[in-house]
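Please build the complex by placing chain B on the supplied structure of chain A, with the hints as guidance.
First to last, the protein sequences are chains A and B.
One rule links them: number in this note's numbering = place in the first sequence (from 1) + 175.
One rule links them: number in this note's numbering = place in the second sequence (from 1) + 563.
Just so you know, the hints here were simulated from the structure itself, not pulled from any lab data.
Since this is a predicted model, take the numbers as computed values, not measurements.
Possibly wrong hints are sitting among the right ones.
Below, simulated PhoX-like cross-link-like pairs (lysine-lysine); rule was C-alpha separation at most 25 angstroms, straight line [to be verified]:
1. K595/B x K177/A
2. K204/A x K229/A
3. K229/A x K273/A
4. K595/B x K646/B
5. K177/A x K646/B
6. K663/B x K595/B
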Amino acid sequence: MKITRDVVLGLYKNTGTARVDADVAASFKVGDIIQARIINPTGHTRLPRYVRGKQGRIATDHGVFKFADSLARGGGNQPQHLYSVRFDARELWGGDAKPQDCLYIDLWDDYLERAE
Amino acid sequence: MNGIHDMGGVHGYGPIDREEDEPVFHHAWEGKALALARVGLAGGHFDLDEFRHAMERIAPVQYLSISYYERWLEGTLMMLDAKGVVSAEEFQTRLDELSKSSGGGA
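For reference, chain A alone in the conformation it holds in the complex:
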């Protein structure tokens, strides 16, 4: 494949989405209280250590997306729902954090479990 200016412009315009047009059931709905799973995979994950085991609330359901952890190990798309999850800063960092601060982070279904 010869890389020309038009090829590069096309790549930037037409790629970059991991959204999948697939009918996959969502495990959670907006408003659900969840806990990020405590996992320590040796491969790629987009679940940072500082949210593992912490409780948050589903703020948005973005829809179905390819799962990065799987793609990074050549395991296929494993399409699943991706959510914006809201964590209170105090849940993540303790009482020194400001009570009004929070973090929104995009997390896949496989990262989450229902809070006890």
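Leaving out everything else, chain B in the frame of chain A:
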């Protein structure tokens, strides 16, 4: 991977240096490093998440010692080697040739 890249909440790296009128690239080679990674991705030789995981596997001391686009270059070279596109030996051979033709300068 619980690697050096997962820096959220870690102390001791000092303040973030915010540069006035920051250029897109500080050196011409950085644009080429970005282009090389994009071509590897566009050519289907590796995907974005594999590439990210390659950068995560850079040894911790090296990871902290090199710049942003040096990490991109390292990650791309790791992927090109792993996928049989350009081996680490081929890359080193070419580096040696270029080093000689430029009078031994690095």
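A quick look at each hint next to the structure:
With a C-alpha separation of about 16 angstroms, the suggested pairing of K595/B with K177/A holds against the 25 angstroms cut-off. The suggested pairing of K204/A with K229/A holds, with an alpha-carbon distance near 18 angstroms, which does not exceed 25 angstroms. Between K229/A and K273/A, the direct Cα distance comes to roughly 17 angstroms. Compliance with the 25 angstroms bound is thereby established for this hinted pair. In summary, the hint linking K595/B to K646/B is supported, as the alpha carbons are separated by about 20 angstroms, within the 25 angstroms threshold.
Restraint check: the Cα-Cα separation between K177/A and K646/B comes to about 20 angstroms, which is no more than 25 angstroms; the hinted pair holds. Straight-line distance between C-alpha atoms of K663/B and K595/B comes to about 22 angstroms, which keeps the hinted pair within the 25 angstroms bound.
Of the hints listed earlier, there is not a single one the structure fails to meet.
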